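Novice: Please model the complete structure; the sequences and the hints are all you need to start from.
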Amino acid sequence: MQLLEKNEKYEQYYLAALPVVTTYIFELKKQWKKFVIFTIMAISFVILLSHLPYALIPDNPLPDTQADYFQSGLNFIILLTIFGACFFFSGIICSEYSEKTGFITFPIINKYKLVVGKYLGALTLMIGVIAAFYIALGVLGIYWYGGPINYRYYYSFGIALLYLIAVSSFVTFFSSFMKSVNMTIVTTIMLLLIANMIIDSLVILLYPEFEPIYSLNHNSQLISYILVEDFPTKLEDRYEDLEFRNFHRRIWLTPTIEGAITIFLLYTVICLIVAAIIFKRRQL
Amino acid sequence: METDKLNRIAEEKSSIGPIEKVGTGLKTVMRLENLTKKFGSFIAVNNINIEVYEGETIGLVGPNGAGKTTTIKMIAKLLRPTSGKILVLNKAGKLQALNGNDKDLVRFGFLIDQPFFYDMTAYQILRYFARSQNYQKEKINSRIDELLKLFKLFKWKHEKVNTFSKGMRQKMGIIQSILVDPQIIILDEPQTGLDPKARIEIRATIRELQKLGKTIFVASHMLHEISEVCDKIALINNGKIVAFDTIENLEKNLKEKELHCQLLYPIPHKDLESTIDRINQKLEHYANHNIEVPTPEHNHSVKYNPEEQNFTIYYDGKRESRGEILEILMSEFKSNNKIISFSQPKTSKLEQIYLEMILEDQPRDGGG
Amino acid sequence: MAKLLKRDGVKRISLGFFILSTILIGLCSNSMAASTTYEPALNKGTVVFKVDQYNEGKWEDTVDRELEPDDYFDGDSDEIGARSKITIKNLAEYKWDLYDALIFFFDVESFIDEDALNQTELFYLLSFLSKDYVDALYPEEHKVWEALTVQWDFETEEFDESPDEKNYILPIFQEPKYYRDLLDDYNKWALGLNTTMLLLGIEPFPILDGDDFLWLLITSGIFTIARPFNSYLTTLIDKLGSDDAEVKGNTLILERKGEEEYIVEVTFSDQGMQSSLVIKNDEGRVIYEIVQDNTDTIVLIVSGVIAASIAGIIIVIMRRRKKFKQ
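For the protein sequence lines, the chains are A, B and C, in the order given. Sequential numbering from 38 applies to the first sequence in the working numbering. Sequential numbering from 30 applies to the second sequence in the working numbering. Sequential numbering from 28 applies to the third sequence in the working numbering.
Don't read these hints as lab results, they were simulated from the structure. Please read all numbers here as calculations on a predicted model, not as lab measurements. A hint or two may mislead.
What the hints assert, rightly or not - No more than 30 Å apart at the CA atoms, straight line, and that leaves these computed lysine-lysine pairs for DSS-like:
| # | chain 1 | residue 1 | chain 2 | residue 2 |
| --- | --- | --- | --- | --- |
| 1 | A | LYS150 | B | LYS120 |
| 2 | B | LYS166 | A | LYS216 |
| 3 | C | LYS204 | C | LYS275 |
| 4 | A | LYS70 | B | LYS186 |
| 5 | A | LYS71 | B | LYS184 |
| 6 | B | LYS367 | A | LYS148 |
| 7 | A | LYS70 | B | LYS184 |
| 8 | A | LYS66 | B | LYS186 |
| 9 | C | LYS193 | A | LYS271 |
| 10 | A | LYS71 | B | LYS166 |
| 11 | B | LYS166 | A | LYS150 |
| 12 | B | LYS181 | B | LYS168 |
| 13 | B | LYS132 | A | LYS148 |
| 14 | A | LYS150 | B | LYS168 |
| 15 | A | LYS148 | B | LYS123 |
| 16 | A | LYS70 | B | LYS311 |
| 17 | A | LYS216 | B | LYS195 |
| 18 | B | LYS67 | A | LYS66 |
| 19 | A | LYS216 | B | LYS114 |
| 20 | A | LYS43 | B | LYS114 |
| 21 | B | LYS123 | A | LYS43 |
| 22 | A | LYS71 | B | LYS189 |
| 23 | A | LYS66 | B | LYS120 |
| 24 | A | LYS46 | B | LYS123 |
| 25 | B | LYS120 | A | LYS43 |
| 26 | A | LYS317 | B | LYS132 |
| 27 | A | LYS150 | B | LYS186 |
| 28 | B | LYS367 | A | LYS317 |
| 29 | B | LYS123 | A | LYS66 |
| 30 | A | LYS317 | B | LYS114 |
| 31 | A | LYS46 | B | LYS132 |
Specialist: Next comes the structure, spelled out in structure tokens:
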């Protein structure tokens, strides 16, 4: 009797998870090519930016330590994450409406399950891309400096993943109300790259003392700055003041670790909740 | 116009409640109860009541913008009704309202508009759809092959769907809608983009599905395309069901209550008004006060067409009335004019009404 | 059309790679002029050295009773298993004169014990060491490939993150004869200083012969040679006039006399760096040995694993495609 109940329960769980799992696997297959392209791009950029300039130009000095090398090599990760997230996540919701594909075939399946499957699939692939970038840079780090890999490199990877989740949630949020995939890609890239920078610059210009803790750009600096051996614990060590005649500008080097993690999580939670609400209300 | 009158009648009917079922002993698999959808102040679907019985094929026919796709999207839960209910048969054999907890409902198959597909092969997409809907794993491949062969797409099984023509994609849409062997199949404009041969194939497929006892709900703006495969037709216009019955009943009702009378000479212009008034008065007794009167502004049962010098007379359809009307007309025109023919029309009035509906309506935003 | 576009895409990518390669090759070829006879073999990267053997008793009996290996090789080099590390950051062409050699090679600043000197002695000594003075008397410049390095001294624990020495310079003279020239200049300079009346009171700077200079080079840890190694070493010994040295392949063998006679064997790696240093007694028993700890294996293993994974994925995809087509 108990066994029967257990079996029924198992079947219920199986049936509940089936759309998520199949959609997840389908998403992996669907975006596989994109994954290969982005992975090749990621590895190529690591080689182009962090290997060839040192390998082919004898004058060009290597950074002093492996951590310094990783720090300079990780500058590209922000761009890669933004572009990758925009391309992988922009269609999560809006493609279903613009192209009337998945959801219409499942009137009796909870559509959230499909979105969750798609999101997890895209996230897995993007984690793969980021991991490929880190592995390639890590191998080159070993190549130039020997092993082992600096332990803070793993922290950086963790923060990069949190940043990826925050950016992907941001894109998913836009996907929940935008009409087409291309529009979502263009809008989110513009917002994440240009608008964010303009807003940050304006804020810093108007309120030089104010730390732009709200900004994904500012918080993303932690990905590379976490590699600094003595991570600044005091506020005054986290910025540099530029003075030129009457002009004063504060350049923020890094956010605090806990601050950046909190902001990434906040972005993730808020964007996903709002996206879920919009998605629930959205009609074709 | 005829349709306005029809609309008024339909309005009266729908306000009474659910349309009465025609057959007896049949199980209801889907019921639309007072279904209404508004987009702001615009009413896309207005108080629709339709009952679908097991094994029936219902055609929802109307011009573009009539509210067909909106109705179907509400059934597919892509749109939320402003008011009213959609009840669907569940696995326990009872009707259940469509809401968030739909896992107990019987299987649906949907084709909405022109389907677009992910950039994957036909096989990959169909396999995904089947797996997601928990179709038996070991039967998936044979089912996909069977359907692809049926729709002559087998050759392109491993080709990307994005490279398919519009017609091929439409076929893919139909395949996905019947893939998991659903009990209820809802097709929106299944003939769109298909060549005549493919349209015949679609009709044949629908007939095959009918033989299997499937309940089919098909929306189209092409009456002639689906009328021959549908058990019942629901004519929809401006969001309202104008008429809903079997095709035979609808046609009988409309065709047998109309008479055509051809004169030898035209009625002189100066006598026209007085002649028509006089005939109207004489035929008042035989007039049909239900749906046939085409000129509601004058509420006359006689319509004269000066170019063709003929009358159309709308009457109560009784056999004895027909003879008496002929006598009245013969006496009216025996001196200065002559009746050269007196007949009942052979063409379907249903198509005529539908044609008028299409002509008078401008397409609206928001789909069908 | 799609095929045409694809072809265009491939063409564009190929063109992009071609332009990029041209720029990079251009940069590379312009960056360093090669010597006619010798060329540097040193590449950027990190090399780890390990103290593999150390017989303390034999060291005291044979090499030096007072000084231990750490006095020669710094750090914990008197501990078996201690490791040191050097990262070569870049390689550029410069010119060295005696002043540079005094600072980087002969390390004359370490000879100055300011506490033991009076004001006048200190003044005179510093004036002897001033760049203007040295450059005026010994203006001859020698072409050198100079590697900028960071170094970690021998440690038994894991390496600290920050190096012990930053921007440490490692010179490779383009011609071995420059060592002779610099040694001669140094000896002249030291003699001049040692014979200055006002500096007679201080401990004299050593006058070095070829063998001493070779030993100084070897223990400095910066002795690096250019390709072809055998020819470079043979010419060097010949120019220095080292009677106690000989060359076998890439190995320099030097006979020394400490407490007793002993042999020093220095082997150079394919980059021209000292890859091993073995000190043996005259019976051929190893007293002390430093070897290069080859980290290339790790890179090879990691690269191998990645290459195997990529190959695996490609094979899986190809097989699946084949299966689908069937």
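Novice: Between the alpha carbons of LYS166(B) and LYS216(A), is the straight-line distance 30 Å or under?
Specialist: 35 Å, violated
Novice: Would the pair LYS148(A) and LYS123(B) pass a check requiring their Cα atoms to be no farther apart than 30 Å?
Specialist: 24 Å, holds
Novice: Do the alpha carbons of LYS66(A) and LYS186(B) lie within 30 Å of each other, as the hint requires?
Specialist: The hint holds at about 16 Å.
Novice: Assess, step by step, whether the Cα of LYS67(B) is no farther than 30 Å from the Cα of LYS66(A), and give holds or violated.
Specialist: 40 Å, violated
Novice: Holds or violated: LYS71(A) and LYS166(B), Cα atoms, limit 30 Å.
Specialist: Satisfied, since the Cα-Cα distance of roughly 28 Å is no more than 30 Å.
Novice: Measure nothing beyond the straight line between the CA atoms of LYS123(B) and LYS66(A); if it is 30 Å or shorter, mark the hint as holding.
Specialist: 39 Å, violated
Novice: Take a quick look at whether LYS70(A) and LYS186(B) sit within 30 Å of each other, Cα to Cα.
Specialist: Answer holds: LYS70(A) to LYS186(B) is near 20 Å, not above 30 Å.
Novice: Hey, LYS70(A) versus LYS184(B), does the alpha-carbon distance stay inside 30 Å?
Specialist: Holds: LYS70(A) and LYS184(B) sit about 24 Å apart, inside 30 Å.
Novice: Are the Cα atoms of LYS216(A) and LYS195(B) separated by 30 Å or less?
Specialist: Cα-Cα ~22 Å, so holds.
Novice: Please verify whether LYS216(A) and LYS114(B) have alpha carbons no more than 30 Å apart.
Specialist: 29 Å, holds
Novice: Tell me if the straight-line CA distance from LYS150(A) to LYS168(B) falls inside 30 Å.
Specialist: Measuring from Cα to Cα gives roughly 24 Å; hence the hint holds.
Novice: Below or equal to 30 Å on CA atoms is what counts here, so check LYS46(A) against LYS123(B).
Specialist: 24 Å, holds
Hint check: violations occur at hints 2, 6, 16, 18, 20, 23, 28, 29; the rest are consistent with the structure.
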